Structures are given as structure tokens and as C-alpha cells.
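Based on these hints, arrange chain G on the given structure of chain W.
Number of protein chains: 2
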Amino acid sequence: MILLSALKKIEIRPIGFVKRTSSNEDARDENLVSTIVLKKDLTKALDGIEEFSHVFIIYWMHKISNTEKKIVQTRGRAGMPPIGIFACRGPIRPNPIGLTLVELVKRKENVLRVRGLDAFDGTPVLDIKPYGRPCDIVANFKAPKRFYEN
Amino acid sequence: MILLSALKKIEIRPIGFVKRTSSNEDARDENLVSTIVLKKDLTKALDGIEEFSHVFIIYWMHKISNTEKKIVQTRGRAGMPPIGIFACRGPIRPNPIGLTLVELVKRKENVLRVRGLDAFDGTPVLDIKPYGRPCDIVANFKAPKRFYEN
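For the record, the sequence lines run as chains W and G.
Going by the working numbering, the residue at position 105 of the first sequence is 105; the numbering climbs one at a time, nothing skipped.
Going by the working numbering, the residue at position 134 of the second sequence is 134; the numbering climbs one at a time, nothing skipped.
What the hints contain is simulated information worked out from the structure, not anything from laboratory work.
Fair warning: this is a prediction, and the values are worked out from it, not measured in the lab.
If a hint is listed, it holds; no wrong ones were tucked in.
Listed next, the in silico DSS-like pairs over lysine-lysine satisfying Cα-Cα at most 27 Å (straight line): (1) W/Lys70 / G/Lys39; (2) W/Lys9 / W/Lys70; (3) W/Lys69 / G/Lys44; (4) G/Lys108 / G/Lys40; (5) G/Lys40 / W/Lys70.
One-sided excerpt, in silico: chain W residues whose CB lies under 8 Å from chain G: (6) Lys44; (7) Leu46; (8) Ile71; (9) Gly132; (10) Arg133.
By construction, the Cβ of each residue, glycine as well, lies at the ideal position given by its N, Cα and C atoms.
The shape of chain W in the complex, shown without the other chains (with noise of 0.2 Å):
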């Protein structure tokens, strides 16, 4: 089962794109405000995600290099070891899917008005999850400084 697996390629569509209006592509501002254009005959698919005041966005970060194979990143200080990429939230990586929890700001028809997705204009979107099973909360968690300082 496995093996057979792993010779597959998944194949995904975007269920829409990022469409953003900033002066400064580059800029990282968590207040900016996005907008989501789905695809027209998804319009019914966002059906009572009103009810939510966050929702995780899954993209593609479309503008990464699909020929960088980087698996580690340096550290910032010297003499420290690399740190794995699946121990960061960096966007080289083996597929290049990002994770954003947002505020939802509005829904109109196949259109949502996102805060705080820092993805680039065009970007395909992948999926959308509405945000609050017990689950997704953590009281308890650890994470190093280092995560916080990026």
C-alpha cells in the first residue's frame, strides 16, 4: 500500500486565488486585508462560514522555487546547527502549502475579505476550514524563542 503510494503524484486544484491589493508586495503586515475569489460554482460552499470569526486558509505559495531542495536553514547566530524545515514556518519546503488562521471581515457570494494573510497576490488557494473545534485550541504547549523572534 505504501509503496504504491509513493509513486503517485496528488493532484490538486485551486478552489480560488488570493487577490491583493497592496502598494508593497513585500510588505508583511498583519492587518492587511484580503481578498478570497472562489470559483463561481463553489459560491454555495461557503454557505454559514458567516457564523465563523476565523477560518485556517491552506494555499500554495505559488512564487517558491520548486527547484529549491533546501531541508535544513542556518540559524541566526553562528555555531548553532541548521534547524530542519519542518521545524520552521518558512516557505521553502517540500511543498510549498501554506497555513494561515485569519479573521474572517465579510463573505459576499463566491468573495471573502480576510485579515491577516500574508500571501502574495495570485496565489491559488487550496482549501478553507473554519477555525474553533476543541481541537484546534491548545492549553498547554511548548514552542522554542526562536519562534517567536522570526
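Positioned in the frame of chain W, the structure of chain G alone reads:
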């Protein structure tokens, strides 16, 4: 730009697979410990992950039929309008991508032991992201009661 992107399918390769040795495959058990076996050449990509107590697992729900084109689902009670699949966390969705926040129990080389991953044996894993960035956590959020009842 958007038109060009819309034509493209995105190809993803699994980074590893779930290995679950439960007697009852269908049992939902939040305390179940599963194994994720990463591809050997990605072993170093896990370096540093031990510093985190929780990680997001992004996976491909391979047992979900691609022919199912449902974009809404009925509610439990009669007379209620259907809910869009992007307002649910169910597995039937345009791209059957799973997202679960799990407790990291142990890492040994290319193998992770995680608690709370409700995925079938053989499930392809697409990405692993450590949990605990400030933007992963929402102090106040709104979600409907039905969300807890599923």
C-alpha cells in the same frame, strides 16, 4: 495571471505516510498515537522539531472519492438550510486535505509519534508545521454550537 494559474493543476508529492496499527480503523480516538514515517532523505528536515510540543499535520485524505462533488451538506435537523463544505471540517471537499493539530510524542530519525491524528493507515502526509506562532492562537473567536457537537 489568474487565468493562467487557473488552468494549472498543482502537483504535490507526499513527504511520508501515516502508519496506524489500530484494531479498529474507523474508531475515532483523540488519544490514539499514530506514527508518521517520513521519506529517508527528509530525515534532517525534522531537526529541531523536538523543541515543540505540538505540530500541524497536513495530509491527503486518500480514501475520499474524487468523484464526489458535494459542495454542501445537510444539517442534522430537518428544515435547516444546508451548510457549505467550507463551513465544515468534514472530509468531503474539493481537495480532500486534512489538517490536524497533534501532540508530538517522540521523534526518532525519520519517524514521528503523534497523539490525536485521526487519519487512516497509509495516508499521505503533505507537510508538517510547528505550532505556536502568535498568529496561530486566537484569544477570542466565534464558532457556532454545532461545531462542537460533531
